[in-house]
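Protein chains: 4
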Amino acid sequence: MIVEFSIVPLGVGVSVSEYVAKVIKIVDESGLPYRLHAMGTIVEGQWDEVMSLIKKCRDSLMEEVERIIIDIKIDDRKGATGRIEGKIKSVEEKVGRQLKK
Amino acid sequence: MIVEFSIVPLGVGVSVSEYVAKVIKIVDESGLPYRLHAMGTIVEGQWDEVMSLIKKCRDSLMEEVERIIIDIKIDDRKGATGRIEGKIKSVEEKVGRQLKK
Amino acid sequence: MIVEFSIVPLGVGVSVSEYVAKVIKIVDESGLPYRLHAMGTIVEGQWDEVMSLIKKCRDSLMEEVERIIIDIKIDDRKGATGRIEGKIKSVEEKVGRQLKK
Amino acid sequence: MIVEFSIVPLGVGVSVSEYVAKVIKIVDESGLPYRLHAMGTIVEGQWDEVMSLIKKCRDSLMEEVERIIIDIKIDDRKGATGRIEGKIKSVEEKVGRQLKK
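Chains as they are written, first to last, in my numbering: chain V, 1 to 101; chain U, 1 to 101; chain A, 1 to 101; chain C, 1 to 101.
Treat the hints with care, as some may be off.
Taking lysine-lysine and the DSBU-like style, the derived pairs with C-alpha atoms no more than 35 Å apart in a straight line are [what the hints assert, rightly or not]:
{"#": "1", "chain 1": "C", "residue 1": "K100", "chain 2": "V", "residue 2": "K25"}
{"#": "2", "chain 1": "U", "residue 1": "K78", "chain 2": "A", "residue 2": "K55"}
{"#": "3", "chain 1": "C", "residue 1": "K78", "chain 2": "A", "residue 2": "K55"}
{"#": "4", "chain 1": "V", "residue 1": "K101", "chain 2": "C", "residue 2": "K22"}
{"#": "5", "chain 1": "C", "residue 1": "K25", "chain 2": "V", "residue 2": "K56"}
{"#": "6", "chain 1": "A", "residue 1": "K22", "chain 2": "V", "residue 2": "K22"}
{"#": "7", "chain 1": "A", "residue 1": "K101", "chain 2": "V", "residue 2": "K100"}
{"#": "8", "chain 1": "U", "residue 1": "K56", "chain 2": "A", "residue 2": "K56"}
{"#": "9", "chain 1": "A", "residue 1": "K89", "chain 2": "C", "residue 2": "K89"}
{"#": "10", "chain 1": "V", "residue 1": "K78", "chain 2": "C", "residue 2": "K78"}
{"#": "11", "chain 1": "A", "residue 1": "K100", "chain 2": "U", "residue 2": "K89"}
{"#": "12", "chain 1": "V", "residue 1": "K55", "chain 2": "U", "residue 2": "K22"}
{"#": "13", "chain 1": "U", "residue 1": "K56", "chain 2": "A", "residue 2": "K25"}
{"#": "14", "chain 1": "U", "residue 1": "K89", "chain 2": "V", "residue 2": "K89"}
{"#": "15", "chain 1": "C", "residue 1": "K78", "chain 2": "U", "residue 2": "K55"}
{"#": "16", "chain 1": "C", "residue 1": "K78", "chain 2": "A", "residue 2": "K22"}
{"#": "17", "chain 1": "C", "residue 1": "K89", "chain 2": "V", "residue 2": "K22"}
{"#": "18", "chain 1": "U", "residue 1": "K22", "chain 2": "C", "residue 2": "K55"}
{"#": "19", "chain 1": "A", "residue 1": "K25", "chain 2": "U", "residue 2": "K78"}
{"#": "20", "chain 1": "A", "residue 1": "K89", "chain 2": "C", "residue 2": "K78"}
{"#": "21", "chain 1": "U", "residue 1": "K55", "chain 2": "A", "residue 2": "K100"}
{"#": "22", "chain 1": "U", "residue 1": "K101", "chain 2": "A", "residue 2": "K101"}
{"#": "23", "chain 1": "C", "residue 1": "K56", "chain 2": "V", "residue 2": "K25"}
{"#": "24", "chain 1": "A", "residue 1": "K78", "chain 2": "U", "residue 2": "K78"}
{"#": "25", "chain 1": "U", "residue 1": "K100", "chain 2": "C", "residue 2": "K25"}
{"#": "26", "chain 1": "V", "residue 1": "K78", "chain 2": "A", "residue 2": "K25"}
{"#": "27", "chain 1": "V", "residue 1": "K100", "chain 2": "C", "residue 2": "K78"}
{"#": "28", "chain 1": "A", "residue 1": "K100", "chain 2": "A", "residue 2": "K55"}
{"#": "29", "chain 1": "U", "residue 1": "K78", "chain 2": "V", "residue 2": "K94"}
{"#": "30", "chain 1": "V", "residue 1": "K56", "chain 2": "A", "residue 2": "K89"}
{"#": "31", "chain 1": "V", "residue 1": "K94", "chain 2": "U", "residue 2": "K101"}
To be clear, the hints were calculated from the coordinates, so they are not data collected in a lab.
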């Protein structure tokens with residue numbers, strides 16, 4: 001399945017990129033395929049792999065902050081893999097050209 | 001932590017309440033405190049309790065459909081419980097009266 | 001269409017119910033049908049009605065804070081109205097009993 | 001403000017990339033800076049610009065389908081622009097290297 005998530009800590013000021021950096025390091029160490037974009041992080045893997053990764057990110061932030069909001073969006077399609085790239089390619093074929101990513 | 005989630009199956013037509021009903025039965029059997037509203041279900045519990053519940057709902061739907069979209073929003077605050085009611089009460093106190101729920 | 005939204009201000013501390021209360025007052029004054037729940041507010045109306053309401057809430061908070069995160073989920077179904085209650089009733093009929101709301 | 005959105009049509013089968021392609025063409029014609037990723041589209045602009053763009057995408061799909069689910073996430077920060085790239089760079093500086101996008 002393909003999963004997008006974002007974690008926002010509350011009570012630490014207006015800038016939170018320091019915390020996003022912490023999350024990204026944990027995602028990177030997981031070995032799962034991922035992409036960072038301006039509104040979240042996309043990861044592909046099995047349910048338990050991805051959810052234990054997000055839990056690890058959450059545990060890490062909750063050591064430092066009192067409250068976090070986590071958004072998770074899952075697109076789960078039987079037998080489908082390689083979708084971080086594949087879903088975009090499928091749209092590009094229909095649009096008839098490459099798109100900015 | 002308090003968690004809102006919704007599951008939308010694709011490829012089964014325009015109406016999906018039959019699948020929502022299936023999910024709600026699983027949530028109800030979990031014993032965790034929950035509320036159904038028009039856009040999702042709210043559950044309160046520990047990470048592993050809530051996430052294994054959502055996984056159970058997902059596994060159940062994936063037996064019948066080929067693709068689902070799951071949205072999960074988590075509000076995780078240290079030491080806070082009873083928040084399905086508590087968060088609303090906190091707003092009502094500031095508004096100065098009861099609100100439609 | 002039926003719309004759920006939540007607004008989280010950043011940089012104002014861990015508790016944000018004061019800001020939620022401000023939003024709810026604006027929603028209440030709009031005259032649109034709505035429900036508050038622990039993770040957001042549900043409103044029903046036409047696109048322009050609902051979106052100008054959310055913009056008003058955003059403008060009001062941005063007078064006081066530097067950054068906000070807004071989540072909006074729209075369920076838009078042709079010809080369907082009365083869905084804040086109707087969607088739940090449809091699930092309850094399939095479950096065979098009333099559910100906690 | 002920076003906005004991520006996704007539109008999922010119901011009742012048109014399991015594959016929806018044809019509809020995503022339609023949406024992306026409309027986004028592209030808007031002239032606003034945007035990026036497509038595997039779980040949605042990111043656009044930057046003023047409230048009215050972005051919201052009228054999303055409405056246009058919605059109107060276009062509702063000509064063909066009976067029901068759609070739209071997810072919109074807004075990150076609104078006073079005086080901040082160029083954030084589709086800027087937010088990622090800010091994280092990359094903290095991580096100390098470039099990341100896959």
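Hint check results:
1. K100(C) - K25(V): holds (12 Å)
2. K78(U) - K55(A): Roughly 31 Å separates the two Cα atoms, so the pair holds.
3. K78(C) - K55(A): holds (15 Å)
4. K101(V) - K22(C): OK: K101(V) and K22(C) at ~17 Å, within 35 Å.
5. K25(C) - K56(V): At roughly 38 Å apart (the allowed maximum being 35 Å), K56(V) and K25(C) break the hint.
6. K22(A) - K22(V): holds (33 Å)
7. K101(A) - K100(V): It is violated: about 43 Å lies between the C-alpha atoms, which goes past 35 Å.
8. K56(U) - K56(A): violated (40 Å)
9. K89(A) - K89(C): Violated: K89(A) and K89(C) sit about 48 Å apart, past 35 Å.
10. K78(V) - K78(C): At roughly 42 Å apart (the allowed maximum being 35 Å), K78(C) and K78(V) break the hint.
11. K100(A) - K89(U): It holds: about 17 Å lies between the C-alpha atoms, which stays within 35 Å.
12. K55(V) - K22(U): Between K55(V) and K22(U) the Cα gap is close to 26 Å, so the pair holds against 35 Å.
13. K56(U) - K25(A): violated (38 Å)
14. K89(U) - K89(V): Given pair K89(U), K89(V) is violated - Cα atoms ~48 Å apart, limit 35 Å.
15. K78(C) - K55(U): Violated, because 39 Å separates the two Cα atoms, which is more than 35 Å.
16. K78(C) - K22(A): holds (20 Å)
17. K89(C) - K22(V): Roughly 14 Å separates the two Cα atoms, so the pair holds.
18. K22(U) - K55(C): holds (33 Å)
19. K25(A) - K78(U): holds (28 Å)
20. K89(A) - K78(C): violated (42 Å)
21. K55(U) - K100(A): holds (22 Å)
22. K101(U) - K101(A): holds (7 Å)
23. K56(C) - K25(V): violated (38 Å)
24. K78(A) - K78(U): violated (42 Å)
25. K100(U) - K25(C): violated (41 Å)
26. K78(V) - K25(A): Not OK: K78(V) and K25(A) at ~45 Å, beyond 35 Å, violated.
27. K100(V) - K78(C): Judged against 35 Å, a Cα distance of about 26 Å means the pair holds.
28. K100(A) - K55(A): Between K100(A) and K55(A) the Cα gap is close to 31 Å, so the pair holds against 35 Å.
29. K78(U) - K94(V): violated (47 Å)
30. K56(V) - K89(A): Violated: K56(V) and K89(A) sit about 38 Å apart, past 35 Å.
31. K94(V) - K101(U): violated (44 Å)
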